[in-house]
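Participant: In case you want the letters, here they are:
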Amino acid sequence: MAKKNRVAIVGVGYSDVSRGSGLTLDKLTAQSSVAAMNDAGIKPTDIDGVVVHSFPHQFVSSTHTAAMLGIPDVAFYSGNVDGAAYSVAAMHAIAAIASGSAETVLTLRTVHKAGAAGGAAMLGPQRGIPGNMQFGMPYGSFTGSHWAGMYMQRHMAMYGSTEEDFGAFAIAQRKFAVANPTESFFHEELTMDDYLNSRYIAKPLHLLDCDYPVDSSSALIFTTEERARDMKQKPVFFDSWANGTTAEADFSLVRDMTHSSPWMASKRMWSRTDLKPSDVDTAGLYDGFSFIAMQWLEALGFCGEGESGAFVRSGATSATGSLPTNTDGGACNVGRRHGANFFIEVTRQLRGTAGDRALPNKPEVGVVSNAVGGFAACALLTAE
Amino acid sequence: MTTEVLPPLPLPNELTAAFWDGANQGKLVIQRCNACGHFQHAPEPICANCLSFDLGYAAVSGKGSVYTFCIPTQAFHPWFEDKLPFVLAVVELDEQPGLKMITNIVETNPDNVKVGDRVEVTFSPLGEGFTLPVFRPAAQ
Ligand SMILES: [Zn+2]
Chain A
3 MAKKNRVAIV
13 GVGYSDVSRG
23 SGLTLDKLTA
33 QSSVAAMNDA
43 GIKPTDIDGV
53 VVHSFPHQFV
63 SSTHTAAMLG
73 IPDVAFYSGN
83 VDGAAYSVAA
93 MHAIAAIASG
103 SAETVLTLRT
113 VHKAGAAGGA
123 AMLGPQRGIP
133 GNMQFGMPYG
143 SFTGSHWAGM
153 YMQRHMAMYG
163 STEEDFGAFA
173 IAQRKFAVAN
183 PTESFFHEEL
193 TMDDYLNSRY
203 IAKPLHLLDC
213 DYPVDSSSAL
223 IFTTEERARD
233 MKQKPVFFDS
243 WANGTTAEAD
253 FSLVRDMTHS
263 SPWMASKRMW
273 SRTDLKPSDV
283 DTAGLYDGFS
293 FIAMQWLEAL
303 GFCGEGESGA
313 FVRSGATSAT
323 GSLPTNTDGG
333 ACNVGRRHGA
343 NFFIEVTRQL
353 RGTAGDRALP
363 NKPEVGVVSN
373 AVGGFAACAL
383 LTAE
Chain B
140 MTTEVLPPLP
150 LPNELTAAFW
160 DGANQGKLVI
170 QRCNACGHFQ
180 HAPEPICANC
190 LSFDLGYAAV
200 SGKGSVYTFC
210 IPTQAFHPWF
220 EDKLPFVLAV
230 VELDEQPGLK
240 MITNIVETNP
250 DNVKVGDRVE
260 VTFSPLGEGF
270 TLPVFRPAAQ
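Chains A and B, in that order, give the protein sequences.
Position in the first sequence (first residue = 1) + 2 = our numbering.
Position in the second sequence (first residue = 1) + 139 = our numbering.
Source of the hints: derived by calculation from the structure; they are not laboratory data.
Check the hints yourself; a few may be wrong.
Stated by the list, open to error - Within a straight-line C-alpha distance of at most 25 Å, the following computed SDA-like cross-link-like pairs (lysine to any residue) qualify:
1. B:Lys222 with A:Lys29
2. B:Lys166 with A:Met135
3. A:Lys29 with A:Ser101
Unchecked claim - Examples of chain B residues lying across from chain A (beta carbon under 8 Å, computed):
4. Pro146
5. Leu148
6. Leu150
7. Phe208
8. Ile210
9. Phe215
10. His216
11. Phe219
12. Thr242
13. Leu271
14. Arg275
Backbone N, C-alpha and C fix where the C-beta goes; we use that ideal spot for every residue, glycine too.
With the rest of the complex left out, here is chain B (with noise of 0.2 Å):
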């Protein structure tokens, strides 16, 4: 008997949820203080710039560059047993300096991959309804 093997899964709550959603509607959103329009990733209760607890999301353009990424060869959860190797990386956002997001970058032979490439958001479905925003290199 072999068991299915589950993806590791988010727990969307109120704070995550629309970025699931997002997600699974084909748009990269991320959350967006009402006040002064600081994006900040992951999302918290209040602003970190001006302490507003107005905060609701937005949605970025999905371009971006390879902040730094390393290719993972062990898989420290099963669903990645098949997967290996892959590229994990840190893109930042165009939307705003030090906007950053840990993610996947995809469509691409990952020893190609080079710190501050181009790159642009794609959806990877992830399984159980979840669909993952991931990065491939950037159209010319």
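Just chain A, same shape as in the assembly (with noise of 0.2 Å):
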């Protein structure tokens, strides 16, 4: 079916990335903008829309942002805070230009090492919890690897799977990540003893579990269809999104951590579109945790309920599989972009900008998602 108002990604770009530079989350912010303005080549003049997310605590405004880079004037932006990470910037700006109120946006995600995973930091100066977490820090539960491991039980519990299962994905997608030296922190490929003599850090969540804590800025820009002809790069087109919830806010608190709002989301985004989990040849899926993966390999209806362990060891998320996935070698490999990096990197494969890593199946469909647990998004990608 032609779709009417498509929005396309046209340019993408990192800022330096490392574990402490000492850049500013500003700088940061400037580099990836500029990175993104140069692939896509064209200038801020060109920007009539500014999207950012972040944490409340390392927040860059969008018309901060647009005034360090001299954008003259903006239609549309927007600063949230709220959320799945990366994709809520990229939900914002697929609205504003599908709607008509901006026609090239610029999207953002910086983030800062410290203070990232939460944790004392979170609770400030003052000496009591405020909120609703008080019901949770006294307990011990202070970051998203508590409610991690908590998840993964569940999910043993229901389903039988095994520790064993989640190194399994570890291990596959750190293969990506050694084909990816110039982005990767990690250059040797893992073996299931490394992934199960891997240090706990809430049993039976792993330290190769975690996403890698890094100082980083990620920026893509989106505009019509129609600018989208005229620009340098070749266009990768949304065709359907979705974002999804769950009743429950707290995330340790949702009715049921194995169907969590990566299945809200998903059902949403199948039923806006004639694509089929068949037809998708390659996914970025948000390893935050690596069960989060997991979940939306099930979710998307890529695999059985209680079987994304199975189809990860049978080799099928690999890059010779039906389904390479997170073919940078994810967060846990290239570090904390909150999802930005697998709308940067499916982008990257789907227009044939992947360089050496270009995956042999000539991708043309691709799917993204971001988060889990209270609050989840995902979209599908095409080529054409």
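Hints given; two lone chains; assemble the complex.
Facilitator: This is how it looks when you write it as structure tokens:
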């Protein structure tokens, strides 16, 4: 079905990415923005929208970003601290362009390693724990690793999955990372022993299930199909997209941990397209913790419920499998980009700019996803 | 000089104070809607079931089952440094399907805990005048 008002990705870019360059959030944001503009072959005056998503304590506003870049006047801007990380910025930009509110929108996710994982730092200077966190922190529930360990345990109890299943994902993803030496922080393949011997953070969650904290900024530029046709890169199009949430806001208290928000977002996304899971050639599935990508494999219908471990162990997510997944190495290896790296990598694969890492199946349709638990988002991207 | 490590203490407010007061008296109390009887945790200013603002607290049986758990082995707050490993769990209370709370499972070897285990509330002093409702394996 021919879609009207299609939105295209026309530029992608990263800042310097490191474990502590000392670069400010502002500078990282400016670096990735310039990289994305150079990739798209456009100037600040070509941009009329800016959308950002970040943690409240790491916020660089959309209007400040526009001012730094010398964008004279923005028709659409939004600064977000709620929901599914980078994809919130993407969804706002898509909606703005599809509605005619703006034509060419810069989207951003900037994150500093320090303080990004929660923990005691979230308590701040006050002595008591405010709000509903007071029903978690006194019990020792501080970071994502705690709910992540509990999601894994629930999956293991419901479906008989094992730590080796999660390990298989970490191993498969690392293979892609080794093939991406300029972006990955890790250059050696993993064995199952490496995975199982990595220390627990919150058993059954291992250190190697966790994304790698870095200072980074990621930027993508979206525009209309009409404008995209005249730009430097082959455009990649959004075919469909959706958010999903659970009735419970607290990740630890969602009704069904093995069917959390990725299931709602996936169902909604598939209802908005003629494409089917079997049409998808590559996937970029959020791996803040490895089990999250595995919940997405099940939610998106690439394997049966509870069968993500067997699916990964079959080799399906490898470069020569039916669904090469996280082909840049994922955030466990290229560092925490809060979802933006999947939009960037799937774009590079679909438009044919992945270089040595170009997939043998010449992908034409890709899926990207972000988050889990209380809120999530996903999108289908197409090469034409 | 050593600095005393304080536990992560709740900051009670008009919505949450009854929970902590109840725990100090050895009772597990959960917010309940006076209009429709719906329990909700954590407490909110409105009932998500019927939109009533008429909310109170009611004692529950303290019986439930382990929905899931993990065993933290790294402290993300100094208070937990000497308490590792422990069981961080979500317990589903018997009173209402899906009524769950974050808690600890105590009085058992962490490696013996299983999803679905029957548990009952008990109370553990946190310090500074606060008591934590926690759970232990249910008596047979
Ligand atoms: Zn009610």
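Participant: Could you tell me which of the numbered hints above are not met by this structure, giving the numbers in increasing order?
Facilitator: 1, 3 and 14
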